[in-house]
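Number of protein chains: 4
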Amino acid sequence: MSKKFRVAIIGCGTIAHSAHIPNYLKIENVEITYFCDIIPERADEAVKKYGCGKAVYDYRELLGAEDIDVVSVCTHNDYHPVVSIDFMRAGKDVLCEKPAAKTLAEVLDMQKTARETRRMLSIGVCNRFGTAVNKIKDLIDNGDLGEVYHVYTAFRRQRSIPGLGGCFTRKDSAGGGVLIDTGVHYLDLILYCLGEPKLLSASGKAYNKIGWDIQNYVYSGGMWAEHTADFENGVFDVDDAVTGLIRTEGATISFNGAWAQNIAESENYIDFLGTKAGVRLAYCGNFKFYHIKNGMLMTSEPAYNTKDFYEEEIRSFLESTVTREPNRASIDHFVPTAKILQGIYDSSDQNREVTL
Amino acid sequence: MSKKFRVAIIGCGTIAHSAHIPNYLKIENVEITYFCDIIPERADEAVKKYGCGKAVYDYRELLGAEDIDVVSVCTHNDYHPVVSIDFMRAGKDVLCEKPAAKTLAEVLDMQKTARETRRMLSIGVCNRFGTAVNKIKDLIDNGDLGEVYHVYTAFRRQRSIPGLGGCFTRKDSAGGGVLIDTGVHYLDLILYCLGEPKLLSASGKAYNKIGWDIQNYVYSGGMWAEHTADFENGVFDVDDAVTGLIRTEGATISFNGAWAQNIAESENYIDFLGTKAGVRLAYCGNFKFYHIKNGMLMTSEPAYNTKDFYEEEIRSFLESTVTREPNRASIDHFVPTAKILQGIYDSSDQNREVTL
Amino acid sequence: MSKKFRVAIIGCGTIAHSAHIPNYLKIENVEITYFCDIIPERADEAVKKYGCGKAVYDYRELLGAEDIDVVSVCTHNDYHPVVSIDFMRAGKDVLCEKPAAKTLAEVLDMQKTARETRRMLSIGVCNRFGTAVNKIKDLIDNGDLGEVYHVYTAFRRQRSIPGLGGCFTRKDSAGGGVLIDTGVHYLDLILYCLGEPKLLSASGKAYNKIGWDIQNYVYSGGMWAEHTADFENGVFDVDDAVTGLIRTEGATISFNGAWAQNIAESENYIDFLGTKAGVRLAYCGNFKFYHIKNGMLMTSEPAYNTKDFYEEEIRSFLESTVTREPNRASIDHFVPTAKILQGIYDSSDQNREVTL
Amino acid sequence: MSKKFRVAIIGCGTIAHSAHIPNYLKIENVEITYFCDIIPERADEAVKKYGCGKAVYDYRELLGAEDIDVVSVCTHNDYHPVVSIDFMRAGKDVLCEKPAAKTLAEVLDMQKTARETRRMLSIGVCNRFGTAVNKIKDLIDNGDLGEVYHVYTAFRRQRSIPGLGGCFTRKDSAGGGVLIDTGVHYLDLILYCLGEPKLLSASGKAYNKIGWDIQNYVYSGGMWAEHTADFENGVFDVDDAVTGLIRTEGATISFNGAWAQNIAESENYIDFLGTKAGVRLAYCGNFKFYHIKNGMLMTSEPAYNTKDFYEEEIRSFLESTVTREPNRASIDHFVPTAKILQGIYDSSDQNREVTL
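Protein chains in written order, with the numbering used here: chain A, 1 to 356; chain W, 1 to 356; chain Y, 1 to 356; chain D, 1 to 356.
Only chain A is shown next, with the shape it has when bound in the complex (with noise of 0.2 Å):
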């Protein structure tokens, strides 16, 4: 890409680190002149570590500044679309990390500002961009799997809760738990895959049975997650486990998902069943595809190139802010996702399935 682009990172956690800022310094004119938290010394550490960019501690001093193209948005799921609306007011183009945010109504405002204000706004839901997701999109597109009817997907862990006690298991600052930080990609890049079909109904229910007891929390130790827990005074009030199922006009989609289960089986796929042939996605890994050829029933497994999907996200996000086109990851594209995740929580709530 020949245009400079002039980046702002606002939020300085773990995604800013892993995802954000190594991609777009892989990136040729890409110059990122802010880092900013209101964490001061995270604002400062990243300026020290990546040798460019000035430290701030509140987005807001940055609403006026003319170096910045695009901006960043990592912070908390609670600031999202704060974040994202100001900058878009301010005329900047927004790359904002999944969820989009905690509630649907919040969805609905930041793609009303993004139309209104002709801003380019994408969501960091990366698996849009992963070479296996979209090798089965492929496949999916040219029929190969002919009808695809329903949809299995199952993100299930014996224990697996970010930050205890945190910002993430708090619903005032996350919305939610494993299905709205973790469920989200499933359910995005399913949607994706089948072409966002349009949505009908969703039934489901959301647990929180173990990770409410922080105390007494067993886990097998080596997650990064629990090393920020905080188990004297943390607050557990979102769901640990989940399970759903979507109508469409299409596929049925159900799932079980759980960040902490009594059950040590580790199970993250996605099943993606059609008539002609069917194939098993392991999340953020390879598939399988299971076809018929010459009267018999075939077990493939391919073997291809892949790329980051972080760097394809920005590479992505970045191309769109030039030829203004929202691309597979912008806000309209995420709507529907957004959707699901707030229809399985009232349905929950509600104890009955919910029209989308």
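Just so you know, these hints were derived from the structure itself, not from any lab. Cβ coordinates follow ideal geometry from the N, Cα and C atoms, glycine included. Mixed in with the good hints there might be a few duds.
[What the hints assert, rightly or not] Cβ-Cβ distance ranges computed for the label pairs, FRET-style: (1) D:44 with A:305: 55 to 61 Å; (2) A:276 with W:200: 36 to 42 Å; (3) W:293 with Y:301: 39 to 45 Å; (4) D:60 with Y:301: 55 to 61 Å; (5) A:285 with D:49: 33 to 39 Å; (6) A:276 with W:319: 26 to 32 Å; (7) Y:4 with W:302: 58 to 64 Å; (8) A:213 with W:305: 54 to 60 Å; (9) Y:332 with A:301: 53 to 59 Å; (10) D:282 with Y:230: 34 to 40 Å.
[What the hints assert, rightly or not] Straight line, CA to CA, 30 Å or less: simulated DSSO-like cross-link-like pairs of lysine-lysine: (11) A:48 with D:48; (12) D:171 with Y:288; (13) D:288 with D:135; (14) Y:49 with Y:3.
[Claimed, not checked] Rough simulated footprint, nothing fancy, chain Y against chain D, three-plus residues with beta-carbon under 8 Å: (15) 81-88; (16) 104-111; (17) 126-134; (18) 143-154; (19) 250-257.
Let chain A serve as the given structure and place chains W, Y and D on it in line with the hints.
Only chains W, Y and D this time, still in chain A's reference frame:
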């Protein structure tokens, strides 16, 4: 058991030969007095094979017979209600194969007749007599799992349609496919283990996406069921895949099932998610118990003596005819399972959640 | 098949009992009328075991028998030509075990006799009736592999000499060792799959480096073949290892084989290298299909119904005796394989490539 | 070594950076005085990277240089002979990368020049300095394998073409493909282990069946070689697969190799079949020793200290320049390997076995 039991076998097909007859013959004081089948050769062959009983070709000839104490109904599903009801009205106790009937209405008729005639009517939900199932029920009843809040079960195989084009795959004779024939076992044992909680609603979708195309059905050989298939003129108008979500006053239950799917991984298990511990039962096999001990996440595999669940089922039924106390597999205990089956099929037809 | 077949079994050893007799008995309208063996006990035992037929000790007594339609020749290799030719001259159709004969000259004599007498003469190259082999042939014929330019096959085992010191390991009775007894299957099925391309040359070397020292032959027990070994006075004067390269007008074929080698890794497979795709067949097992789809290198494992290749071989042979059309295993189809066997042995003797 | 060595590196590509330069720098008394490359940036970068030497862009400028004792020739294959010969005529000892040259005629010229000028000329057949290779050679030399009568080697990968469309895949620059670039290592180390037996004949076939179609070449990413590929305008006119059979006065040697094949199983090993024992060497890895002990078939995996074969190669070369005794990798030892390479290519062209 000191009482002598004279047994009539109605229907001399696979289940009679594999489950009922050999297990009656294991029990002291049991005599099979009649083998009945509308296909005369089958009745004749049974008499010859087992060296006992008389061959009959119309069960109605037996309604007045005095040398019958109990009746095993092993016919196609569509004959279950009429045969069971006729024999109960004729004063006989009845063990009827699963599913009790094609529809909930018929099941309720059977229940009503049992009550009116004060006859024992047991259903062949043999897993209620399985050793592992009862070990799990003990763990739940003893509180070892804490609150069981969700159960997920998979009864999914790539290719396992029984008798393609025969009585199993026609709605008029079977009432349904993978849900009513296979899922019935899984759902019934789940309700049994959970203590038959009050049911609230069912949401599901049943599919016929692969089996209908009988002439092009591809399978990997060696399955008994395909040997009897009618690839030319057979009919397949039942569900070959199903998904659903059940709400109860206790746990939710979600499931995926398939007689045929284009995913080669077979999954046949039930996960009980409890607040203190969990269990995964391999269907008709052993289970794993996931619990916490001394701050450690433990995965435990039990070993124990097992009994043949068909033999236990028949012993329990015969005992109930002596004690005049309905057993754990009596029609009253099966009604909730029948409600779920009907609920899922209704929900699928109406494409919305239904109240149970 | 509606025609009735009366069968004489000539030679009642291992292959007769494991392959020929049980498969004839599976087929409707087949009656075994004679069991012949020069060891009288063997013929007598076969009559007793199968409850049919008469025992005969000299096959020449049967040349005038009227109650024989077809003959299975299951003798040692050295008797294959004379027995087959005598029966063809006596008007019988013949299924002769592989290899057809010890030398190409004898094979050509057999072919000549079959033509002169207008008799069916099939050779027991059973892999031509294997399901996986035919699936591969279909893939090749359909062009799925593109041009098959090279085939490599390994039939190598650390220790698998059959009947050390018996009829398998003496050149006078067997004609050769691992190449003519085991390699014949691999090479014949390769030619079959390739469509029997015109042969150009053979270069190879056959070794007798381990078996000759019978008294010090070390093996890991449990192999049937060693049970019949004569470690005292037996003779081993055939090849226990072989390597070769065949040129045809199509693909080249290279191979390594061993009945005995001081390498513990067993390798028994055939690799078909095509320009568009490739196949690795595990001998007598399944195969993998390596192809390209949507820019991905795919490794596919098929599942399919399999049939017993011995039964198919015999059914095909019997059908050919009705239709009077030579089948895919007829002597004409075997001659190219015989040319390769002879060519490799000649090349080994002369230590140079020979023209075929 | 007490003598001081001044080294000129001719050609600053991959092999210079990965093998030659770092290993010269490990050795006491070595100074690299010149880095030469016809691409000036490469020479300049080498000087900068290693902080020594002068950059030169035409090797002929160095023919009269006094501050050079030895020369490492790391150019494309086509420049190996002329550069090596020019430096030998200029009085320098030369270590030339493998293969020594594109054709046997050129190799013989190099040998002749070395003799005439009494210069040391070593070839970079580094496996002659590998620890496992020498352990195997010791076993053979000690008689532990008995007579080694056959060697089979596979150097087969699904996709491993180096630098598609670059100097490796053009016949004018490389002389050939997988045989001359990769097979050379395997065949040379086999001859080394066998004690360089007298060669009799070669029969083989070299194929170009996949690489030629560069624009549609599918590979699974991450291979360095493809990063430099020219998918647009590159040329691939060398062998991507090869098979062959070599006769010697001792063992036969057969092989299959592929830079690209539609078989996903990678096989890179050498099997030495001996009358008393055998060895399988995983190329550049460990080996298994299969022998007989106390009547048992033993599979033994050795453990031992390993040395870097590039460092040993260079130390040995430098030592030879002091002792004036050609080392085990001298041009005289490489000539038999070159004869095989030429023989296989000739045999492939003529489609018949050729005398060596």
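Status of each hint after checking the structure:
no., hint, verdict
1, D:44 with A:305: 55 to 61 Å, "32 Å, violated"
2, A:276 with W:200: 36 to 42 Å, "37 Å, holds"
3, W:293 with Y:301: 39 to 45 Å, "41 Å, holds"
4, D:60 with Y:301: 55 to 61 Å, "58 Å, holds"
5, A:285 with D:49: 33 to 39 Å, "37 Å, holds"
6, A:276 with W:319: 26 to 32 Å, "52 Å, violated"
7, Y:4 with W:302: 58 to 64 Å, "59 Å, holds"
8, A:213 with W:305: 54 to 60 Å, "37 Å, violated"
9, Y:332 with A:301: 53 to 59 Å, "41 Å, violated"
10, D:282 with Y:230: 34 to 40 Å, "39 Å, holds"
11, A:48 with D:48, "28 Å, holds"
12, D:171 with Y:288, "33 Å, violated"
13, D:288 with D:135, "11 Å, holds"
14, Y:49 with Y:3, "25 Å, holds"
15, 81-88, "violated (count 0)"
16, 104-111, "violated (count 0)"
17, 126-134, "violated (count 0)"
18, 143-154, "holds (count 5)"
19, 250-257, "holds (count 3)"
Of the numbered hints listed earlier, those contradicted by the structure are 1, 6, 8, 9, 12, 15, 16 and 17.
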